Structure formats: C-alpha cells, structure tokens
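Number of protein chains: 2
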Amino acid sequence: MSRFLTVIPVKEAVAIAEKLAVRPQKIERVPAEQSAGRVLAQDVTADRDIPGFNRSVVDGYAVRAGDTAGAGESIPALLRSAGRIAMGNDKKDLHVGTGECVYIPTGGVLPDGADAVVMLEYSEEAGDTVLVKRPVSHGENVLQRNEDFTSGEVVFRRGRRLSPQDAGVLAACGCAAVAVAGKPIVGIISTGNELVPANVVPEPGQVRDANGPMLAAWLGGYGCVPRLYGIVKDERSAFEAVIERAVLECDVVILSGGSSKDDRDMTAAVIASKGEVLVHGIAIAPGKPTIIGRIDNKPVFGLPGHPASAYVVLIAIVRPLLDALLGQEVPLLRTVNATLSENVPSQRGREEYVRVMVKDGIATPLFGKSGLLNTLVKSDGLIRIPAGYEGLEKGCGVEVILW
Amino acid sequence: MSRFLTVIPVKEAVAIAEKLAVRPQKIERVPAEQSAGRVLAQDVTADRDIPGFNRSVVDGYAVRAGDTAGAGESIPALLRSAGRIAMGNDKKDLHVGTGECVYIPTGGVLPDGADAVVMLEYSEEAGDTVLVKRPVSHGENVLQRNEDFTSGEVVFRRGRRLSPQDAGVLAACGCAAVAVAGKPIVGIISTGNELVPANVVPEPGQVRDANGPMLAAWLGGYGCVPRLYGIVKDERSAFEAVIERAVLECDVVILSGGSSKDDRDMTAAVIASKGEVLVHGIAIAPGKPTIIGRIDNKPVFGLPGHPASAYVVLIAIVRPLLDALLGQEVPLLRTVNATLSENVPSQRGREEYVRVMVKDGIATPLFGKSGLLNTLVKSDGLIRIPAGYEGLEKGCGVEVILW
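Chains as they are written, first to last, in our numbering: chain A, 1 to 403; chain B, 1 to 403.
Note that these hints are calculated values from the structure, not bench results. Since the model is a prediction, treat every value here as computed from it, not as a measurement. For each residue, glycine too, the CB sits at the ideal point set by N, CA and C. Certain hints may be false.
Pairs of lysine-lysine residues, derived as DSS-like cross-links and limited to a Cα-Cα distance of at most 27 Å, are as follows [claimed, not checked]: (1) B:Lys19 - A:Lys183; (2) A:Lys261 - A:Lys26; (3) B:Lys183 - B:Lys19; (4) A:Lys378 - B:Lys133; (5) A:Lys359 - B:Lys369; (6) B:Lys261 - A:Lys133; (7) A:Lys369 - B:Lys359; (8) B:Lys378 - A:Lys261; (9) A:Lys11 - B:Lys359; (10) B:Lys359 - A:Lys394; (11) A:Lys133 - B:Lys369.
Now the stretches of chain B that chain A is said to cover, found in silico as 3 or more residues with beta-carbon under 8 Å [claimed, not checked]: (12) 21–35; (13) 51–57; (14) 141–150; (15) 163–169; (16) 180–187; (17) 366–377.
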C-alpha cells in the first residue's frame, strides 16, 4: 500500500462504479398501488383511449352549443328535456336534437348530437322544459375521447421512477400490476476498532456506529433492501468471513467506518485479496479516501468513516451505480435553485460538496468538520463546486441537491 | 339534500378535519435504521457527550500547537516521537510533552498534553524524530468533546419526521430503537357506477378506477397503511356494508370516485345515516364537492371524483388530519420558490390550487381539466392562490408545494 492516495476525478470514479452494474436486472411485478418509488422495467402503453368516450366534467345538461347562443338570466334559452343519462351506461338510444337537452351527471357519456354541457347551476327545470341562463361554447365542460391518453401511446418509458400519480395512470391503462426493477440488496459492514453498536455504552475511546444505520435508512428510502452486517474489528480473518458472506448474499456491499489509514489499508487489502481494487482515492471533498472494488463481479465500496464524507460519497458515487442497477434513466436527485448567502472557498483540483440549509431561496453553507453529525442533520442538501473552481461567490445562483 | 353545496373556507375545513384526530396515538418501536420517514413519538436526548473525547479528524501526529510555530518545508519543526495511539483505546498513559508528538489515527483519542494534530502529509519520520513542515493552530484537526451533541441535550423533539441522517444521530445517542407514531390505516372505497378495476376492460361508458391506486400510493409514501376496499356501485346496502367494515378496520376512511351529484348525495346520505356529515362543500378549486364526516368517532372523507381534485383535496385537507394523527409538528410539505411564467386567473372567494411544472426556478402552470391524469403526472406540484385574490401575475414569486 502506498502511503498516500492516488486520486482520480469524480467523473471517472462514477463511470467506473456504473460499469459494475453488470448483472442482469432483477425484475418483479407489483400492484399499481404499490408501485410508487419503484423503477419501471417495461414500457407502459395505453391499451385504449382515455377517456374512451366524450365525458361530461360537470352535472348538467348535454346540449348543442349553438342552441344556447345569447342565453342570459333575463332571456334564457328554452330547451326540451329529452331524457337522462345514467352513469356507467353508454346510452346509445339517447340523442340530442336541435332545441333539445339531456340531463347528464359528471362523468356521463355525452349523447349523440350534443357537443357541450351546461352546468346545473346555470339551468332551471320547468316541467319538460329546461331554462338555460348562460351560453356554452362547443366542447365546453366536456372531456374529449382520448384527451388524456391515446390508444397505443407509450405513456411511460422503462426506467422511469414512478410517482403516486403514475400509479393512477397505470390503473387507467389497465396495468393492475406492473414490472419494476427488483430492489438491490445492499450489504453494509461497519469497520473500525473504535466502533460499538447503538445499544452499547461506549468505553473511553469508543464511539457508536452512526454510519451503518444512516446508510441503511437512506438506502431503504432509495428503493434498496439494506442488510446490516454489524461491526467488524481489525481481525482480518473475521473481516474476510463477513465480506465473503455479504458478497454472496447481496448485490452491492458497502464497507463503512474505518477512516484511519490503517483501516483503509486493511479494507483495500481484503478487497484486493478476494477480488480487485479499482479506485483508491477520489478527488472529492469530503470523501477523498473512498475505495471502489469488485469481488465475484459485485461492486464493493469502501466509504470514508466521517458521517458527512460517507453520505456525500453515497450520493455522488454510489447512487449512480444504484440507478444503473435499477435501470433508472433519470437520477432521482431533487434539486432546487437558490442564491448563495456567502462566499464559499474551494480547492482547485477536487470536486467539493458543501452542506447547505435552504430557506426562502437562499442557500446558507454549513461549514463544519465532516466528522460532525449535527451539520448533516441541519442541512437540506448539498451544493457542488466543480473541480476547476476556487470557490463560489456570495450572491451567485446555485443548484442544491436536496437530501 | 340541497341542490347546491354550502361551501366553507379551506381553513375552516382543515380545522374541522384536524379535530377528528381524537384517538390516542398509536405508538410502536422501530430500529434506528428503519426510522426514516417515521414521526418521533418521544423526545430524543443525547445520553452522553458526542464525541465523548477530543478526537483527531485526520491521520497524523498529536502535538502542542505552539511547538509547530514557524515550521515550514525548509525549516521543519523537529519533534520527538513519544508513541502511537491505537484506535478504540483511551491511551491514558500517553502524554505529549513540549517538543514531543504521538502518532494518531483518524478518530483516535487526543492524548493529554496535545492540543492539535499535524496531518501525515505535512510530516516526515526520521527514526525517533518527526519533521513537521507546516504549523498548526490550537484545536486544528481535532473534533472537540461534545462538539456534536452535549450529554442531556434534547437532540430531536417528539413530532419530528425523521430523515436518514437522523437515523445516524439516533444510533449515536444510544437509541438502537425508537418510539414512533404507528402508521394510520387508511381505508379507500371507490364509488361510482361507471368504475371498473384496472384489470377489467371497460365497456362503453365505463372507466377504470385510477383514484383508488393513486391515493393508496400517496398514502403509502406518506407513512400510512392504505387498504383498498374496491369499487362500490350505487346499491346502498352494499355501500353501507363496506363502509361499516372499513370504519371498523381503519383509522381513517376515504371515499373516492363519485363525482356526480347523485353519487355525492348518496355518499353524504350513507355517512349521515351511520354518523355525521360535518362539511359538504369547501371553497377550494378544484375539489369543491368534498365531504368531511365522522362515523364511530373516525374521520370519513368523501373526495371528489376527478383525479386532480381528489389529489388536491388529499394534500390540502386530508394531509393535515394525517399529520395530527401522526403527531407530526411540522408539515412534510416540500416547497420551492419559483417565478410564475404567466398570469394565472383565479376566482375570488375560493382557494385555488394550480398544477405547475418547475424548471430552473420557473413555475409554468398546467391548465387543464381536473378530470385529466396527464397534467397531474407532468406537474411537479401546486401553487396556491388565496381566496381573496383574483389571480397571480406573471413574474411574481410563488411557493410551489412539491408533490
């Protein structure tokens, strides 16, 4: 092991990580109502026009728009009531002729002859006659056949991360269930001689493992199945046994915690002995001592131990690999534009990620050591300063990657 | 039933809905790593200082800062190596005296006598001597004891919606498991004679139920357990049987789908016969014909049938009740500030919610009938036009409630 790291640019590291998504994609079928947050593994096509017929969007009277021209409160149009539309039936027998109208409920099928609907509020029944007190124009209050989607139209492409609204569209298109990417199983091994689990009272010199639960919580929310393998101390044989099991059981393995040079070196040595170390050191701050490797054709990451560093690397480097495994076309990064509240210095030659709070369009940097949890908790997201910059100036527009 | 609705302001409707959260809060314990997205049902206190000792944040040499004053590449400070700190141990026996240094790994306990750490990169070992080539100031590269959290400090208050980062803090504070609000069970009954489920090919005049799956998907993502009761047609006895069962099995019941006056009237009549209708009509657009009721002391909502209307009412009226049930102090609304791309007219006297796309800080309204799904899917969120406004002008700043 060399004494210092040979760093590579973030872009290169991301490309190397993405290329590790080599296994055939796992696919499963889920009901539409459970599809939100999942990534489509198929194109979705409308199997018919939606809606399949001209529909009223109000309760009222189906009319010929021309018959209502000039109608008003004082001189209403008088139309002959020619029947009632019932919900869920295609009343083919009803026809609206000149001077006629038909009662129609919201969602009802517009009868032949009619081309608009007068709202109930602007009408009055008087026996067989309906008084219309406001004119309607052609198509008014009508949802046209296929106005939403057209039969055969590709509604969603494979690779889309589905929203709750999308679940409604799936149902409308006849997809009661849909093929989505299976959830990648991500093993998390915490390393570091100083670590104890949350339920243990730390002895002097010890700290509780915060990264394991934090990474697991993020991964769960991102559509993965996190699997915690607990804490491994610096006994090499125990470490090797756990990493072997994790590689066997998971799609991706994340080693987290060891931030000292000795820990990193052991992590790299173990990965090298079982597989291959592809990257050891990235020009990113925080997060420089990141390791990317491969064992049995599965990606293995060594994340830095500082919580903020681990979190930044998770989002900047690991996430693109997860997207690739999921077949997700567009990253699920939520971003907002904001104005920077003060100067943020950076070091040329490395990509810098700075935690920020965002309020009322102002991004306020939270400077703080990457070993702290509290700035991570207070922040809303990150701004990225590209490697070629010496910093960003107060007042400039920034894109905030929301957590 | 009156022919037209008596509408009340949104604020009043929200207050009435919130007051329906009368049952004692359900509480469960979840592991820290599964707590993200859940609402805390307890305050969380740091059980000790975090970190519990002065920690190095780099690999290097623990020194007295004063000993490095004036050190440089050409004239390094020469310090006597007095030992090595091992990870996870509180090396009480090591002491850094004047002119001395001790090797310390990242995360190691700063030994007595030392007040700063020189990074490995700026040092060189020569036998028992270490050459320091850059001065450090007091406290440099050290995380002070309790710099993150102080023993006894309330770290999170009850009612907080937890983030993945928070899961890390919970672990650090010794909360391997934490008390959170139980997930409200929300029953969804789709009503409407025209509705068929997603797996059925609609006959002429029929449409597939999109709202049921859409509402379920949103509720699942919001931390509820949605339970779909299928589609009820206009047979009153069947409707009554389903609503009775749903009220028995759920914490909240949502009736969705019937948007015609007849459907609404039946929904209101059934709620009234089993309990009480509290609201029938809200000054909101879209979503005016909303019903809020109570059966057996449980909230029952009648949402309008148009998908966009149902979704707006879900977020504007139902969500605050869910927050109250969850004990959530701050709404989980993600909002961004944007500039409106064009004039948006509105009608005085009702609160209007307009779907918008947001890109590069510009909010573009998506005008479209509330019966359409596609504008709902294309939109990123909603802007709210208060009841007293006749619209918003192009170029004005708006707050977008992201879906």
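Tested hints:
| no. | hint | in the structure |
| --- | --- | --- |
| 1 | B:Lys19 - A:Lys183 | 39 Å, violated |
| 2 | A:Lys261 - A:Lys26 | 37 Å, violated |
| 3 | B:Lys183 - B:Lys19 | 18 Å, holds |
| 4 | A:Lys378 - B:Lys133 | 36 Å, violated |
| 5 | A:Lys359 - B:Lys369 | 33 Å, violated |
| 6 | B:Lys261 - A:Lys133 | 20 Å, holds |
| 7 | A:Lys369 - B:Lys359 | 33 Å, violated |
| 8 | B:Lys378 - A:Lys261 | 49 Å, violated |
| 9 | A:Lys11 - B:Lys359 | 25 Å, holds |
| 10 | B:Lys359 - A:Lys394 | 23 Å, holds |
| 11 | A:Lys133 - B:Lys369 | 23 Å, holds |
| 12 | 21–35 | holds (count 5) |
| 13 | 51–57 | holds (count 5) |
| 14 | 141–150 | holds (count 4) |
| 15 | 163–169 | holds (count 7) |
| 16 | 180–187 | violated (count 0) |
| 17 | 366–377 | holds (count 8) |
Checked against the numbered hints listed earlier, the structure breaks hints 1, 2, 4, 5, 7, 8, 16; every other hint is satisfied.
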